[in-house]
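Fit chains P and W to the given chain L structure using the hints.
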Amino acid sequence: MPTSWLTALDWFGIAIFAVTGALVASRKRMDIFGFMLLGAATGIGGGSLRDVMLGQLPVFWVKEPASLVICLVVSAATFFLAHIPESRYRALLWLDAAGLALFCVVGADKALEAGTGGFIAVAMGVMSATFGGVIRDILGGESPLVLRKEIYVTAALAGAGAYVGLIGLGVSNAAATGTGFALCFTIRALALHYHWS
Amino acid sequence: MPTSWLTALDWFGIAIFAVTGALVASRKRMDIFGFMLLGAATGIGGGSLRDVMLGQLPVFWVKEPASLVICLVVSAATFFLAHIPESRYRALLWLDAAGLALFCVVGADKALEAGTGGFIAVAMGVMSATFGGVIRDILGGESPLVLRKEIYVTAALAGAGAYVGLIGLGVSNAAATGTGFALCFTIRALALHYHWS
Amino acid sequence: MPTSWLTALDWFGIAIFAVTGALVASRKRMDIFGFMLLGAATGIGGGSLRDVMLGQLPVFWVKEPASLVICLVVSAATFFLAHIPESRYRALLWLDAAGLALFCVVGADKALEAGTGGFIAVAMGVMSATFGGVIRDILGGESPLVLRKEIYVTAALAGAGAYVGLIGLGVSNAAATGTGFALCFTIRALALHYHWS
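In order, the protein sequences belong to chains L, P and W.
The numbering used here applies: residue 1 is where the first sequence begins, and numbers increase by one.
The numbering used here applies: residue 1 is where the second sequence begins, and numbers increase by one.
The numbering used here applies: residue 1 is where the third sequence begins, and numbers increase by one.
Misleading hints may appear alongside valid ones.
Under 8 Å between C-beta atoms, here's a sample of chain W residues computed to sit facing chain L [to be verified]:
id, residue
1, Leu6
2, Thr116
3, Leu157
Derived coverage of chain W by chain L (criterion: at least 3 residues anywhere in the stretch with Cβ under 8 Å from a Cβ of chain L; other residues may be distant) [said to hold, decoys possible]:
id, segment
4, 61 to 70
5, 139 to 148
6, 166 to 172
To spell it out: a stretch of chain L is covered by chain W in this simulated footprint if at least three of its residues, at any positions, have a beta carbon under 8 Å from a beta carbon of chain W; those stretches are [to be verified]:
id, segment
7, 9 to 22
8, 31 to 39
9, 51 to 61
Worth flagging that the hints you see were computed from the coordinates, not collected in a lab.
Using N, Cα and C, we set each Cβ at its ideal position, and we do this for glycine too.
Chain L on its own, in the form it takes in the complex (with noise of 0.2 Å):
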């Protein structure tokens, strides 16, 4: 299995998961240092979650502090740049979505990589791909985004459920996660945009 390759979503979905941590830190007109918090606290949440549940400890952060300095580098940014309030929200929405689109599937795999079955491994998707925020809009003191009347679980799922069974019929890694992330990303970016629920 091409780790680097899901090495690289995972980072990039820690990211962008600390960029929405670190915006709602900005809605909060928090200091930097609270957007530090709120970032990482976003970006590894949803994966020491999954770590944890699986026992895979110490948590991916001790062990590879890189994600962690993604986190805070990216909160710092933010920070700087975070100028325009009016846009903050959608910002936010749109790149969540990315982001869980991205820990579906890259959670479902460290669940099948751990030794899971496939129920399983769906699940740790779809935990991953939604604790993150709920962490974050609690941390934060907004109402979690998976309350939301729009389609968001739904979303995770299926991006989680289409890279697991794909996997499971012996589709090659890159398919299954180009398949995965693009299904909960279509799905949820629909929602949004229609204002499904």
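Chains P and W alone, transformed into the frame defined by chain L:
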């Protein structure tokens, strides 16, 4: 120790808590996968926290996915059946009381099995019984039940304490389980009925 | 390393955070077991999260129940003594500052003992120091202190950073601990007093 007997009680508690999670999803008008997420988080949340604190990893539902399947089936069934809004919150309170009574015993038993002393076993019983509901209420954006004026933690403590005390006195597991469950449920039921605080 | 010395500071921090949890229970007019639950969750929450992330399981209070006993005793004492509502929130803020200063040092030290590098040790110090309070505020239905405008994360970061930096420079543990504590507490105290943001 009759493991199959305690496993049955455990699964029953998981199913009951999953229904309470699904009822919160219903109050929030979430879709079926939202029901499943909130039902699963509530059903397996307290036990997962217990397993993590004890270092029994991966957590039980990764080892034995049947418990997660139960949560998902029960939550989906609740989605199709929970049509009577006015009775929903009362149902939630009573089911939560039953789950509390089952989990305070099961949680304490799991801790004893993991080799802890009686004091930590009581603490694990209280934690398993209360934190599934805490996770449900926080994810659902509701004020935690544990904060309500009616006696709540006290009931879990009485149930877990009675179970561990009776096991320590050499009483049979079935009698200790029955006593712990009955004590916790009775205290909570009286508190709900008479609005004890 | 003088373990008994750091253990004493750890227990002192745990006791102080437990009081802050009990004060939130007091604001919510909970019963004595509610005080104990919230006190214990606050006192041992940050350290439990640290142990889980590091993979040091079971968590410290399962290995050494004395720390949980401290939380319960201190919370019960607060129940009988916390009668002066108007001073409660100020007391909470100042005790939280002391706990923050103790835990940013103890958390960083525990991570170094577990073999992490300095960067992760600083992160663990900040996480241990801030998440006990986050758990308290979320369980208690209060807006997290970490979101308030006054400098908060910054103080924990300064304290943990000073401790790890001085240890890295070969300074004695006592001097590094004293400096880290004093730096964090002073920054937070000035922020509270002058309403720095």
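Now for the hints, and whether the structure bears them out:
Taking 8 Å as the C-beta cut-off, the interface hint given for W:Leu6 is violated, the closest approach to chain L being about 21 Å. The beta carbon of W:Thr116 comes within 6 Å of a beta carbon in chain L, closer than 8 Å, and the hint placing it at the interface holds. Because the beta carbon of W:Leu157 sits about 6 Å from the nearest beta carbon in chain L, less than 8 Å, this interface hint is met. Residue count for the segment 61 to 70 of chain W with a Cβ under 8 Å from a Cβ of chain L: 0. That is fewer than the three needed, and the coverage hint is violated.
Restraint check on the segment 139 to 148 of chain W versus chain L: 4 residues with Cβ-Cβ distances below 8 Å, three needed, restraint holds. With 0 residues bearing a CB less than 8 Å from a CB of chain L, the segment 166 to 172 of chain W misses the requirement of three and the coverage assertion fails. Here's how the segment 9 to 22 of chain L fares: 0 of its residues keep a CB closer than 8 Å to some CB of chain W, so the rule of at least three is not met and the hint is violated. Check result for the segment 31 to 39 of chain L against chain W: holds, 5 residues qualifying (beta carbon to beta carbon below 8 Å, three or more required).
Residues of the segment 51 to 61 of chain L with a Cβ under 8 Å from some Cβ of chain W number 5, which satisfies the need for three, so the listed coverage holds.
Checked against the numbered hints given earlier, the structure breaks hints 1, 4, 6, 7 and satisfies all the rest.
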